[in-house]
Amino acid sequence: MTDAIEFEPGLTRPYVLTGGRTLGGSNLPLEAVVVSERVPLPPGAAPEVVSIVDLCRVPFSIIEIATHLRLPVGVVRVLVGDLAAARVLAIGVTASSEPEDRVQLLERLLDGVRAI
Amino acid sequence: MVSEPSESRRAPLALKIVVAGGFGVGKTTTVGAISEIEPLSTDAAMTEIGAHVDCADLTPNKIETTAALDFGRITLADDLVLYLFGTPGQERFAFMWDELARGAVGAIVVVDTRRLADSFPAIGYFEQRNLPFVIGINCFDGVQIHTEAQVREAVAVGDDVPIERYDARDRSTVKELLTVLVECSLGRARAELAAASGVGAPPVSA
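Just so you know, the sequences run in chain order V and E.
Residue numbers 200 to 315, in our numbering, belong to the letters of the first sequence in order.
Residue numbers 398 to 603, in our numbering, belong to the letters of the second sequence in order.
The shape of chain V in the complex, shown without the other chains (with noise of 0.2 angstroms):
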């Protein structure tokens, strides 16, 4: 646990670090997993960047990237989707509303949970 009293590290950064931008990548889930691709990073990547590459070596959601690196959900969400559009992360499947998918998804789940 941190002290009570304590200045937050990178207040404002993070939001420059998305140029002020908090839409792309907005609709992603909080459960979304995302996993990093065996892909370069380009050059001169901001280390928050490089601290989620690193991380999501193994898949992590977007609520464990943001609670790892303490680091804001919505910048997460940003950068998440940038590195995705430019196919360093690749970003799972979460629910889908289509009756059929969802159906199956549940079977998938109840046999998950029951074996737990």
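If you're looking for bench data, these hints aren't it; they were derived computationally from the structure.
A couple of the hints might just be wrong.
[Stated by the list, open to error] A few chain E positions that, by computed beta-carbon distances, are all more than 10 angstroms from chain V:
| hint | residue |
| --- | --- |
| 1 | 496 |
| 2 | 527 |
| 3 | 546 |
| 4 | 548 |
| 5 | 589 |
[Claimed, not checked] Now the stretches of chain V that chain E is said to cover, found in silico as 3 or more residues with beta-carbon under 8 angstroms:
| hint | region |
| --- | --- |
| 6 | 248-262 |
| 7 | 282-292 |
| 8 | 295-306 |
Here a beta-carbon is modelled for each residue, glycine too, at the ideal position from N, C-alpha and C.
Assemble chain E onto chain V, guided by the hints.
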């Protein structure tokens, strides 16, 4: 390697379940009982949090306050992960509930029968969102003051909402509660599919 040259590594498919209920009712304990990771809290990363006020006087053993929301993870297969999100208890975090409910499989509403009214906002919210949910009566220290029938009457939910007793610290009972919820969601999804294609829905049991 026999895979396609530029084949992307598949990121797992992720589903989520929301764990809601009043403050200090056992949401974090519920998540922690079954999560493969220690429940993580987003601290201030999710939102700007000022002074934190919670009514903890009714639950003297509760020392730590859940700052924003916490979550756990269950990897069910190489390509399937389930996340559990504990909702922040306060009214003023209501905006976060929409985010959590979006695309969720369903919700668990944890109730303490000594403070049933604390669960009303969550129950009302999920009813209004039309999100499948189950009510889990967390039996602290094996104590249950009210029966399931009394709870059902008090919270005024339909027979389609399962009400189960469980122990938030006990992995097997949490698993059972999750199973009941997923069955409930699956039943709903099958009914919707059947309605869309004009045939009767088969029963859920496997």
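In terms of Cβ atoms, is chain V entirely out of 10 angstroms range of residue 546(E)? holds, 27 angstroms
Residue 496(E): least C-beta distance to chain V exceeds 10 angstroms? Check fails; 7 angstroms does not lie beyond 10 angstroms.
Please check whether the region 295-306 of chain V has three or more residues whose CB lies within less than 8 angstroms of a CB on chain E. holds (count 8)
So is residue 527(E) really clear of chain V, every C-beta pair being over 10 angstroms apart? holds, 13 angstroms
Far enough from chain V: is every CB of that chain over 10 angstroms from the CB of residue 548(E)? Holds, since 24 angstroms exceeds 10 angstroms.
Status of the stated non-contact between residue 589(E) and chain V (beta carbon gap over 10 angstroms): violated, 5 angstroms
Within the region 248-262 of chain V, is the number of residues with a Cβ closer than 8 angstroms to a Cβ of chain E three or more? holds (count 3)
State whether the coverage of the region 282-292 of chain V by chain E holds or is violated, taking the criterion as 3 or more residues with Cβ-Cβ distances under 8 angstroms. holds (count 5)
Of the hints listed earlier, those the structure fails to meet are numbers 1 and 5, in rising order.
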